[in-house]
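Given only the sequences and the hints, what does the whole structure look like? Please build it.
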Amino acid sequence: MSLRPVLLLLLAALLSQPAQAQWLSWPPKPTSPSTTPADPPAAAVRLRLAGHDTMREIWVDNDLSGPVEVRIDTQQRRNGFPLQQTLPGRGGYLLGYLPADTPVTLRLTAVPGLPAAHAQGVSYRFPLLLPQVRIGQAPEGRFSHVDVENRQAIDFAAPLGTPVIAARAGTVMQLEDRFGNTPGQLDEANFVRILHADGSMAIYAHLERGSIEVLPGQRVETGQVLARSGNSGYSSGPHLHFAVQVNRGMRLESVPVRIETASGELRLPRTTAQP
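Numbered according to the UniProt record's numbering, the sequence shown spans residues 1 to 275.
Hints are computed from structural coordinates only; laboratory data are not their basis. Heads up, the beta-carbon is just placed ideally off N, CA and C, and yes, glycines get one too. The reader is advised that the hints may include incorrect statements.
Said to hold, decoys possible - FRET-style restraints, in silico, Cβ to Cβ:
1) Arg125 / Thr86: 24 to 34 Å
2) Gly249 / Gly223: 27 to 37 Å
3) Gly249 / Pro131: 38 to 48 Å
4) Pro163 / Asn79: 50 to 60 Å
5) Glu265 / Ala100: 55 to 65 Å
6) Arg78 / Ser263: 54 to 64 Å
7) Asp101 / Gly223: 53 to 63 Å
8) Val255 / Tyr93: 20 to 30 Å
9) Gln224 / Thr102: 42 to 52 Å
10) Met250 / Arg78: 16 to 26 Å
11) Gly237 / Ser263: 15 to 25 Å
12) Gln218 / Ala100: 37 to 47 Å
13) Asp53 / Glu260: 19 to 29 Å
14) Gly96 / Arg125: 23 to 33 Å
If you want it as structure tokens, here you go:
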């Protein structure tokens, strides 16, 4: 499982040209051979320029059903930059102004979650309706759990179509459901991101296309079915990638979790795991 660091900007906006939408969703991939024009775009965080007189307004549109921390940088040195702010969910937010006749390149970086969030040491439910737990890759696994976003992630082996349930109650912050079961494709994993009460966020990834049963902004309870397991994205076999993440100041970081199963607390190895 490979997740690109934090929600990186793919396009820059020039003030001398009309602003274009900037794709910042995770995964940061607006088009793909595995998607069709009818597929709805994933929720994103976008930079938008408005105004046609002497000043341009700098707006950020947040489609996610939860907070994001954003920073706007310029390639050229300019007073007042970078602009950095934490924005609530779902809305357009005015962050600043620039003279309309000033050619400058803006770059937006966005990270989901509140930067002051601290994950509580709660127990999470095993997120699959399976009689047995099989771990394909443990935390700190060398195959793909090597960056800060994924270091504490767990890959649970699961047959295609296994019900995926909420390991903890929360709100659906973001989801992706455009990609088929085509393993080995970077940034093409279907997923659900759940925001918890303490500001931490759980990621359930590699889901089967068309199986997601929840909507952005929906409240979900522990044990509620979210989707079915699949093999979408950078995957070497059907499994569920599960991680709990927090925003540590413009950077997503995974945190250790305790998983409760029918047999008690899951004992997780923290050494090399199989791909």
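Checked hints:
no.	hint	verdict
1	Arg125 / Thr86: 24 to 34 Å	30 Å, holds
2	Gly249 / Gly223: 27 to 37 Å	33 Å, holds
3	Gly249 / Pro131: 38 to 48 Å	41 Å, holds
4	Pro163 / Asn79: 50 to 60 Å	54 Å, holds
5	Glu265 / Ala100: 55 to 65 Å	60 Å, holds
6	Arg78 / Ser263: 54 to 64 Å	59 Å, holds
7	Asp101 / Gly223: 53 to 63 Å	58 Å, holds
8	Val255 / Tyr93: 20 to 30 Å	28 Å, holds
9	Gln224 / Thr102: 42 to 52 Å	50 Å, holds
10	Met250 / Arg78: 16 to 26 Å	19 Å, holds
11	Gly237 / Ser263: 15 to 25 Å	24 Å, holds
12	Gln218 / Ala100: 37 to 47 Å	41 Å, holds
13	Asp53 / Glu260: 19 to 29 Å	59 Å, violated
14	Gly96 / Arg125: 23 to 33 Å	43 Å, violated
The earlier numbered hints that this structure contradicts are 13, 14.
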